[in-house]
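Each chain, written out:
Number of protein chains: 2
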Amino acid sequence: MARAFPGAYGLLDDAAVIGPVPGNELVVKTDTIVASVDFPPETAPDLVARKALRVNLSDLAAKGALPRAYLLDLVLPASVDERWIAEFASGLRHDQAEYGIHLIGGDLSSTPGPVTIAVCALGEAPIGSIVRRGGARPDDIIFVTGSIGDAALGLDALRGALTGLDDDSRRFLLDRYRLPQPRVALGPGLIGVATAAIDVSDGLIADLRHLCEVSRVDAIVEARSVPLSPAARQVIAANPERLATALTGGDDYEVLLTAPPDAAERLGALARSAATPITPIGRITRSLQQDASRVLVLDPGGRAIPLSAEGWTHFGQRNRQAGPPG
Amino acid sequence: MARAFPGAYGLLDDAAVIGPVPGNELVVKTDTIVASVDFPPETAPDLVARKALRVNLSDLAAKGALPRAYLLDLVLPASVDERWIAEFASGLRHDQAEYGIHLIGGDLSSTPGPVTIAVCALGEAPIGSIVRRGGARPDDIIFVTGSIGDAALGLDALRGALTGLDDDSRRFLLDRYRLPQPRVALGPGLIGVATAAIDVSDGLIADLRHLCEVSRVDAIVEARSVPLSPAARQVIAANPERLATALTGGDDYEVLLTAPPDAAERLGALARSAATPITPIGRITRSLQQDASRVLVLDPGGRAIPLSAEGWTHFGQRNRQAGPPG
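So the protein sequences, as listed, match chains A and B. Here the first sequence is numbered in our numbering, starting from 2 and rising by one per residue. Here the second sequence is numbered in our numbering, starting from 2 and rising by one per residue.
Among the hints, a few may not be true.
Stated by the list, open to error - A few chain A residues facing chain B, derived, Cβ under 7 Å:
#1 33
#2 35
#3 74
#4 108
#5 130
#6 173
#7 182
#8 186
#9 217
#10 229
#11 261
#12 263
#13 264
Claimed, not checked - Just so you have them, the derived chain B footprint on chain A, three or more residues with Cβ under 8 Å:
#14 37-50
#15 54-66
#16 278-286
#17 292-304
Said to hold, decoys possible - Incomplete in silico selection of chain A near chain B, CB under 8 Å:
#18 6
#19 72
#20 119
#21 237
Calculated from the structure, these hints are not laboratory results. Note that this is a predicted model, so its numbers are computed, not measured. All C-beta atoms, glycine included, are put in the ideal place defined by N, C-alpha and C.
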């Protein structure tokens, strides 16, 4: 799998070498997924492999980096058989081809515990240029790619918690949960346009708060502007309280970004070239408190939506509170 | 912990950036350790942290790379408390200072399984210069750093399988098992001198065979030349069959290297400057078979030592056979 990357030495050595092209630097990110915590144990192995890779590619994309290579630590219980490993490898190969990335190193370990997969992804970007969390400024517009909430609603559907959903919509939401679509094609286009960015993995509002905390600003989001898929709209029409799930659920793997108002045209061009919607959902405001960032979500009448603690529950994570409901 | 490394952004962002100095490239290596597989679950947390780091630094050293930074994926069961984490962090800080390396990213996950720690270490070396596994040539001398077998005998001592050992020797062997001493100071000096190198983690003979396989050569090792610590000598004097444990046991984290006969003087200077013994233990020979490498271990009478299958058993690994016993 590593033949095309000279510095991987065909995975026959103890380490790999990688250097950025002149003027670039490497951008590195690691993330681990654990069976029964981050994915259901019965998930098809090729989807597990692709999710393990893609959650990392999503972070690189949000920083504006072009992915190049990855290392893989695969920790497997004795119950995993050769067929599982073959299907897992097939998933890796698929995504390596899809994203033009190369496996350059790794480790295989045994465990008495669950399947555990650590990926370290390496991308590159011009020196000093990556899009940070901390660059959002008052009056910047908040944008998000794609659609929000599908994965969280897909998880609910998987758990049998959603009824009255047509088959196509159900399948769409499940797919969005099972296989993230990291915005790799769009990422490098954020450099020089976005003032700050983060990938949406903990949930739209939680990740917006993370961005605001590092940027030391507040934010206002208009709930009706948050882009929803037709399937998510169908769910929310039947169960209005599911809007909170969409706004606060995790695993979207979209890019949340901020940019000054005059960047709208350039973002429109980027959205077209990457064939990915980029939707304005709110604006950055001056921080009202010294040591905390406040994210307000407004309903169409301009009232703050009180998002309950349950709204912040994320599969495998502690609850988070995104600020007082106003 | 990451303040001194600008590209880590204080661990407040989603990715870190790192670039080699001009003329260098990055050398990357990842390795995972799992409680009850790679270390006893009751091991002190600071030692667990240091072992997780050091097994990776050992690989970088064997390739001639200078370590610079690492990423850490920490996967913890609910039973791990804050004190454990504080001691673990203390171990990381200790080794960061000792080796001049920086934590630049990571991930914290929960698991229903055992403590699992994946480290991705990044070092650097001049472009195209790292010491590979595949460069050993017939007539090269085989060298090894430090002493061999201590860790495997230390594991035996920990398991209560060694008797008649004085307290100091027992403590020495246990320490050698518990805390690898990667040859970081020596590593960069191997470039331009060693034709091939590998770190000894699976066991001296198994790793020599790995090196020979990629180099497509055979090897002859003189057992009496293999450097043993006084403690290991004491064990083997009382139990001669423990010589096989020393030669084939794992976790030495010494560097096994090959170099032409005329490099002996430069290696002597390197040994002095790094304050690390480098001992010749055998020689590389032409491969006798097309598709297999043969490692012979000779006793003082020139007879091949028949190393039994048990000799190849490694904690958490399958047995390996290093070739027919002659």
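Going down the list of hints, with the structure as the test:
1. 33: This hint holds: residue 33 (chain A) lies near chain B, its Cβ roughly 4 Å from the closest one there, short of 7 Å.
2. 35: Interface hint status for residue 35 (chain A): holds (5 Å vs cutoff 7 Å).
3. 74: Interface hint status for residue 74 (chain A): holds (4 Å vs cutoff 7 Å).
4. 108: The hint holds - residue 108 (chain A) has a Cβ within 7 Å of chain B, the shortest such distance being about 5 Å.
5. 130: This interface hint is violated because 9 Å lies over the 7 Å limit.
6. 173: 27 Å, violated
7. 182: 17 Å, violated
8. 186: It is violated, given that the least Cβ distance between residue 186 (chain A) and chain B is near 18 Å, above 7 Å.
9. 217: 12 Å, violated
10. 229: 25 Å, violated
11. 261: This hint is violated: residue 261 (chain A) lies away from chain B, its Cβ roughly 20 Å from the closest one there, beyond 7 Å.
12. 263: 25 Å, violated
13. 264: 21 Å, violated
14. 37-50: holds (count 3)
15. 54-66: It holds, with 5 qualifying residues against the three required.
16. 278-286: violated (count 0)
17. 292-304: Answer violated; 0 residues pass the 8 Å Cβ test.
18. 6: 12 Å, violated
19. 72: With a closest approach of 4 Å, the residue 72 (chain A) hint holds.
20. 119: 4 Å, holds
21. 237: 29 Å, violated
Going through the hint list in order, the structure does not satisfy hints 5, 6, 7, 8, 9, 10, 11, 12, 13, 16, 17, 18 and 21.
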